[in-house]
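Number of protein chains: 2
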Amino acid sequence: ERCAKAEERIKTHPYDLEAWTILVREAQSKSIEIARVFYEKLLHQFPNAGRYWRIYVEHEMKNKNYERVEALFQRCLLKVMSIDLWKSYITYVRETKKHLPAFRDKMTQAYEFALGKMGLDIQSFQIWADYLEFLKTMEVSNAYAENQKIVAIRKVYQRAIVLPVINVEQLWKDYNTFEQTTNKNMAKKLIDERNKEFITAKRVSKEFEAITRGLVKGAPALPPHLTNLSQLQLWKRYIEWEKSNPLSTEDTLTLVKRVMFAYEQCLLVMGHHADVWNEAALFLESMSKVLSEKGDMQLGRELSQEAANVYQRAVDGLLKNNMLLYFAFADFEESRMQYEKCHSIYNKLLLRDDVDPTLVYIQYIKFVRRAEGIQSARKVFKKSRNDARSQYHVYVAAALMEYHCSKEKTISIKIFDLGLKKFGSNPDYVLCYIDFLSHLNDDNNTRVLFEKVLNQMPQEKTKQIWSAFLDFETNNGDLASLLKVEQRRNHINLEEYKGHQTALLVDRYKFRDLYPCSTSELRAMGYKIASLNNVIVQQKVNVENTSRQDDFPRPDFNQLIPFRPSSKPVLGVHVVPGGDFPVPPAVAYLMTQIPPPTCFVVFMSIMLYLNQVYSYNGGVLRMAVFNFSKLEYTAKMSITEGNEINHSRGSKRSAAYLENEDSDEEITARPPRHDVYRMRQQRRQG
Amino acid sequence: ERCAKAEERIKTHPYDLEAWTILVREAQSKSIEIARVFYEKLLHQFPNAGRYWRIYVEHEMKNKNYERVEALFQRCLLKVMSIDLWKSYITYVRETKKHLPAFRDKMTQAYEFALGKMGLDIQSFQIWADYLEFLKTMEVSNAYAENQKIVAIRKVYQRAIVLPVINVEQLWKDYNTFEQTTNKNMAKKLIDERNKEFITAKRVSKEFEAITRGLVKGAPALPPHLTNLSQLQLWKRYIEWEKSNPLSTEDTLTLVKRVMFAYEQCLLVMGHHADVWNEAALFLESMSKVLSEKGDMQLGRELSQEAANVYQRAVDGLLKNNMLLYFAFADFEESRMQYEKCHSIYNKLLLRDDVDPTLVYIQYIKFVRRAEGIQSARKVFKKSRNDARSQYHVYVAAALMEYHCSKEKTISIKIFDLGLKKFGSNPDYVLCYIDFLSHLNDDNNTRVLFEKVLNQMPQEKTKQIWSAFLDFETNNGDLASLLKVEQRRNHINLEEYKGHQTALLVDRYKFRDLYPCSTSELRAMGYKIASLNNVIVQQKVNVENTSRQDDFPRPDFNQLIPFRPSSKPVLGVHVVPGGDFPVPPAVAYLMTQIPPPTCFVVFMSIMLYLNQVYSYNGGVLRMAVFNFSKLEYTAKMSITEGNEINHSRGSKRSAAYLENEDSDEEITARPPRHDVYRMRQQRRQG
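Just so you know, the sequences run in chain order A and B.
This note's numbering puts the first residue of the first sequence at -1, with every later residue one more than the last.
This note's numbering puts the first residue of the second sequence at -1, with every later residue one more than the last.
Bear in mind the hints are in silico, worked out from the structure with no lab data behind them.
Among the hints, a few may not be true.
Any copy will do: because identical chains look the same in the list, a pair fits if it lies in one copy or spans two.
Unchecked claim - Straight-line Cα separation of at most 27 Å, DSS-like style, residue types lysine-lysine; simulated pairs:
1. 241 to 482
2. 461 to 186
3. 405 to 482
4. 377 to 215
As the structure is a computational prediction, the values presented were derived from the model and not from experiment.
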């Protein structure tokens, strides 16, 4: 039944990790045949979550479905660079291939594969150590093979001890021992050769540890509105640190690999964030330029292609609806003169039916104009006109392009007129046209346009048009024509404007951000209804149109009480008639803190204290601040058997909360761990 | 000491009625010599408050300073049409002139004066009744005089019984009696003649009573941000009702008088509201037109002059800083071709040093252009340039006027260039110039302007300019020049833009209100910092510049905690580390409600109840609603000596609050009137 509820929750909140966790636990206890369906669903939602892949794999392994395990590893290993997942993989190979004749080769391959991908990870020590252990325990039959073995082990050591990973000191110590036991004479020379690099690696490993402290690596990727943005900042700090080249390597490729490893790690958790993808691609592009300038054209081209791959992965994966990345991708390909690719990017985005194509057409038209000239651009504009989903913006963009780029005033006007047929009743479109015409200083045609539009548009939409008309006459006409327009406006929109005669007058006198009265005066005369806040509100609404934030948590607006201004606010005046209030967190806290009956004297003193705090301070009202720690302190002082734990509980909990968001799920639901009252009760019974 | 605090409060909050009330009470108990200074200060702040005038007058009367009383009446009676004040005046004349030989004439004059001004008031019954009583008790020496007396009384009756005032029925009854006792034969005819008008008056008086019910007439006028706006709505409803001509009179002048009486009453309380003044003037103007059309040119002119007087009174009085009314006044005079008067209005406003003259100059220039032509307008623009207080807007307005009205493109550019010398580092000004130039489609000069401005402006201000430049290149240039501008921008503003590379990219792709990602995505990448909310924030800030709302109460923003989105919010997660919280009103209330020690069992049951309410409901979190009335009820059930009063207290208080805002001043400061604990203590001691 708990699971049914969780199922319900993920239907409306597909990223509700708590609900998923309940279901994962449930699935783990079921047979693999049943659980498999769930795991596939889980990984469809969180394709990069190493934690979930591992659970799936381990469930299959428990059932010895090795073929399925290998298929799973094939699906995830290269995509999900999670150290724990890779460690599972090593374990899997070690456990299942043990009895095969080719075990040694298989195992070596597995280690090399894992270290090639994950060797840079700060937590990779164990894999390195295991690999070395594995190599050391290999049985050899002759001296030649023994020598081969030593060379192989040395190579691995030498690769490992220059890496800034946790416990690199241990590797160094082991390496020293290894060389000394192998050949005392050579040891010093070999060790000295690597010492400097090891010192650097050791120093950098400390920095690395510090910079990645606090990063929650296992967390499944969540969309931006559910992301803990401070985590994102931590990730970016880590990436910046890698970009600063802390190892001071002169090999650009090493630097690129390390930075890209950081980006890949980050993308596992922040894969819904377009900026991370974009910045990864930009980084590759800039390094490609650096290499090309150094003369390494081949590697330069490869990195440039790698940048394109990053964009491609993003728009093929989690961000398949993110226009920004498509546009950035297209611009990148445009800068590489890959015009065919640009066309395919724009067209791919146009095929998606969950994306408003308006902005896509606009960018597409601009691209084609730049790449192929105005004639081709007009063709794309034609295509956009035939797309029923296009909004008015394409007409505006096309018309302005003709005016600004090809300087074809007449064509612009034709396009605007064309749009008027379709969007003549859309005030936003009409205002664009009006703005364009009035800037051309063509008074007559502007007036004609005003009259035409006001005739054909439903009256309830004409508010802004009338304002624009008024504005136009204020600037261009005489008082009589101005008053005439004003009168016509006031008569036509009688219902909406009724009782706001003076508020309407404000439009006549305002100039840009200057208003003829103060904000409170404007509010009092109802001006906000007419247009002041319109500008603000409109902006907000329009932006929200482009968003898909249905599962964004919102406060319960039904509890809102209208704000009543008063020159000297008094606490407690905002009492709703019914007296119904959600309990504020502070009350909840207070309830767990109030001492038991024997301490009631203390409680009375708290009451007196509150009374003091609340006492109305004569003139200026002081926002009374209720200091819980002080209250708790007073309480403890009077309880003879006061316990230390209780005192520090509050701060401990909030600290824990700040560190790990997952752990505080039920902070209010659970009874307090150290409940003074219960403890005393138990003591008495005992 | 209470008074000293009140003095302190009115220094910072000059409209704090509570503080003034304390001081008024104090003054009333002092000698008139000392109080006089205070009264003058009081009436300087509230020149239209009948209540305060009356207190002042009565204090002087108590001290028999009759000359001063008359001087006071001369100052206030005609300005302050408060029925109570006028009743005081009648009382004063009756009391003090009693022994004079000319008492009868003086008294008659006083009554006629009062009824001429206040006879329309719904509360004027008593004055009418007293007047009739006075006339009836007049002693006469002969039959001729007796007859004269009867005629006089009849005239007054006939004036009164057609008025919709409270108790008009009583007047009618008295009149019937009067006629019947005077002359039985004539009575029926005389009464029948007036019956229809009385019936109307009676019916309308009921409507009048209903429509003015709820109006708080005595209240001193407060500025808009402190006004109870629902009162303003009630006043406007009353005025609209009078405009609808409920008496169905055919005499336009009677209608005008009644409506203007309503406006005057309203202005006593709402005199700080520009819309009331403006609408009063507009009403007079429209009636003036009606009368002129009917052919009564003389009365038409008079009403038009009356409209001008309304504006004049407003700008000479409470609204001497309200630009809107000056502008409306000037436009009104302009429409009457009183150009000299217009000049003097604008110039008067320009002399005020607490008003930003920028908008004044802009309107002045527009007026002069309309009335006298472009040459004179240029002179005013010159004057505005020499005024150090003028902001950049005058240059923009003047330049656009040259472009749109006189079609002088070259002069426009010259003006913009002139302004650039003074406001070259003001991004708002520069953006206006850029907008103008780019609409002219002069790409080269636009680019020159961009480069010039970006060179001379401090870097921290160039954000919007760079955005505009980018916008310009997006529309007009090729990808290479676009990328070049973008790169220059990103390099120059390194500090501010750092870490927001992708957010900056959004500017490249947005088009009007279309954005390439959702709002939450924009937020997550820090776009709000770059420009999204800028538009909104900027609007708000600019509007606030023009306001003088320093004494507007604001919440304590220091207590704000940043919002952390979470798909499933849990109560109590917003705990600040320090644990400091202002006590919410609900806690304060709880503190007064918790029962004494003997009832602790009850308290425990409350705790259990709370625990239940709080219990985490499996899946969806229910905002726990804390029902205080229920809690109180549980408490009462368990207290054996429960008292009825306690139970109804909460609801009574909030009801009282809703009815009368003044009475709840100290709702939280005062201890509860019926404190269960104290009562019990007293009972025990007794």
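For each hint, the structure was consulted:
In this assembly of identical chains, the alpha carbons of residue 241 and residue 482 lie at most 27 Å apart only when taken from different copies (23 Å versus 66 Å within one copy). With identical chains, the CA atoms of residue 461 and residue 186 are never at most 27 Å apart, being 88 Å at best within one copy and 60 Å at best between copies. For a Cα distance limit of 27 Å, the shortest separation of residue 405 from residue 482 across copies, 23 Å, qualifies, whereas the shortest one inside one copy, 36 Å, does not. Taking the closest pair of Cα atoms, residue 377 and residue 215 never come within 27 Å of each other, the shortest separation being 48 Å inside a single copy and 70 Å across copies.
In terms of the numbered hints stated before, the structure departs from hints 2 and 4, listed from lowest to highest.
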